[in-house]
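S.K.: For the sequence shown, the positions run 1 to 271 when this note's numbering is used.
Honestly, the hints are just simulated from the structure, not real lab data.
Mixed in with the good hints there might be a few duds.
Result set (EDC-like, lysine to aspartate or glutamate): computed pairs, CA atoms no more than 16 Å apart in a straight line [as the list claims (entries may be wrong)]:
| id | residue 1 | residue 2 |
| --- | --- | --- |
| 1 | Lys209 | Asp160 |
| 2 | Lys172 | Asp217 |
| 3 | Lys89 | Asp78 |
| 4 | Lys214 | Asp160 |
| 5 | Lys89 | Asp136 |
| 6 | Lys109 | Asp136 |
| 7 | Lys48 | Asp136 |
| 8 | Lys89 | Glu76 |
| 9 | Lys209 | Asp221 |
| 10 | Lys192 | Glu263 |
| 11 | Lys192 | Asp160 |
| 12 | Lys147 | Asp34 |
| 13 | Lys209 | Asp136 |
| 14 | Lys143 | Asp52 |
| 15 | Lys147 | Glu263 |
Simulated restraints, written as ranges between beta carbons of each label pair [to be verified]:
| id | residue 1 | residue 2 | range |
| --- | --- | --- | --- |
| 16 | Ile173 | Pro113 | 18 to 24 Å |
| 17 | Tyr181 | Gln265 | 23 to 29 Å |
| 18 | Val39 | Pro178 | 46 to 52 Å |
| 19 | Gly145 | Asp221 | 37 to 43 Å |
| 20 | Lys89 | Lys172 | 22 to 28 Å |
| 21 | Ala61 | Gly151 | 17 to 23 Å |
| 22 | Glu161 | Tyr181 | 43 to 49 Å |
It should be emphasised that the depicted structure is a prediction, and the values quoted were computed from it without experimental measurement.
Every residue gets a Cβ at the ideal spot worked out from N, C-alpha and C, and that includes glycine.
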Amino acid sequence: MTVRLNWRKLWRYLLVVIIYLAVGSQAQAEVIGDELWPVIHEAFFAGKTIEDGSQLIQITAPAVAEDAGLVPISVEIDTFYSDALQVAKAYLITDANPVQLTAIFHFPKNKQPIHFSTRVRLEKSTYVRVIVETGDGRYYMHKVGIKTPGGGCGGGIGSDEAQLRVEAGRMKIQLADPVRYGEVNTLSFNIKHPMRTGFERTVYGYYAKPYFIKRLDFMLDNAPLMSVDVGVGISANPYIRFDFIPSRPAEIEILARDNEDQEYQQGIRIP
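Whenever a hint applies, use it, and build me the whole structure from the sequences.
M.R.: Have a look at this one:
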């Protein structure tokens, strides 16, 4: 049997491979453009019109992140942007990560000023987007580009598994001292957890199974203050910082749940 090569098809295939390798090498130094956004839009916001949110949303992030596994992101949403604007959710999207949906922040109807911070992982240089969903179903988006050496979603596993699980769930909560009633206060929260993405390799070469916090609920006297659907794009030992306005002494309770349905709970009293 005679095998004939289709040189035209072979050349097209080689051209695709060359372009892929070129883009992959450049992506470590250059921010990936908007070519990924149509696919992300269709995956998470199919049929939704997303408006320009550059006047509504402010994102503070480093232009160059030296540590791809620990990139600080701060978001401020102008709740006075429109008299009729009620912010319901804020989606944190990282275009070039293997899992683009990094987190969803949920706000109750009585939410006051919205200002929150966290830390994310970046697999390569990318756009990070914040998409705000309003109570009446409108969407607004703003984005920033971040350059990084990359590799924040993978890496090796070197920690002792038993010790890691013993420490998982330990929380640290801080409030401004003294608390100012009727004014903006800041709560800082940190929880011990490896946030394994499923892309890390063990010392034996196989991939470790995912192990991450998937939900955080912040309650003020049993009423929702803020909730977060946490994705694997959030850095290890998740950190959340946000503003709120207390009106009186109260109890803040925090409930965390991981992907193995383990629950961790801790409270702090506002004096």
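S.K.: Could you run down the list of hints and mark each one as holding or not?
M.R.: Checked hints:
1. Lys209 to Asp160: holds (15 Å)
2. Lys172 to Asp217: Holds: Lys172 and Asp217 sit about 15 Å apart, inside 16 Å.
3. Lys89 to Asp78: Judged against 16 Å, a Cα distance of about 13 Å means the pair holds.
4. Lys214 to Asp160: violated (22 Å)
5. Lys89 to Asp136: This hinted pair holds, its Cα atoms lying about 11 Å apart.
6. Lys109 to Asp136: holds (12 Å)
7. Lys48 to Asp136: holds (13 Å)
8. Lys89 to Glu76: Cα-Cα ~13 Å, so holds.
9. Lys209 to Asp221: violated (36 Å)
10. Lys192 to Glu263: holds (13 Å)
11. Lys192 to Asp160: Distance of about 14 Å is within 16 Å: holds.
12. Lys147 to Asp34: Holds, at about 15 Å.
13. Lys209 to Asp136: Given that 16 Å is the threshold and the Cα spacing comes to 39 Å, the pair is violated.
14. Lys143 to Asp52: holds (10 Å)
15. Lys147 to Glu263: violated (35 Å)
16. Ile173 to Pro113: 18 to 24 Å: holds (20 Å)
17. Tyr181 to Gln265: 23 to 29 Å: holds (26 Å)
18. Val39 to Pro178: 46 to 52 Å: The hinted range 46 to 52 Å holds for Val39 and Pro178, with Cβ atoms some 49 Å apart.
19. Gly145 to Asp221: 37 to 43 Å: holds (41 Å)
20. Lys89 to Lys172: 22 to 28 Å: Taking Cβ atoms as reference, Lys89 and Lys172 lie about 26 Å apart, which means the hint holds.
21. Ala61 to Gly151: 17 to 23 Å: With a Cβ separation near 18 Å, Ala61 and Gly151 satisfy 17 to 23 Å, so the hint holds.
22. Glu161 to Tyr181: 43 to 49 Å: holds (45 Å)
Comparing the model with each numbered hint stated earlier shows that hints 4, 9, 13, 15 do not hold.
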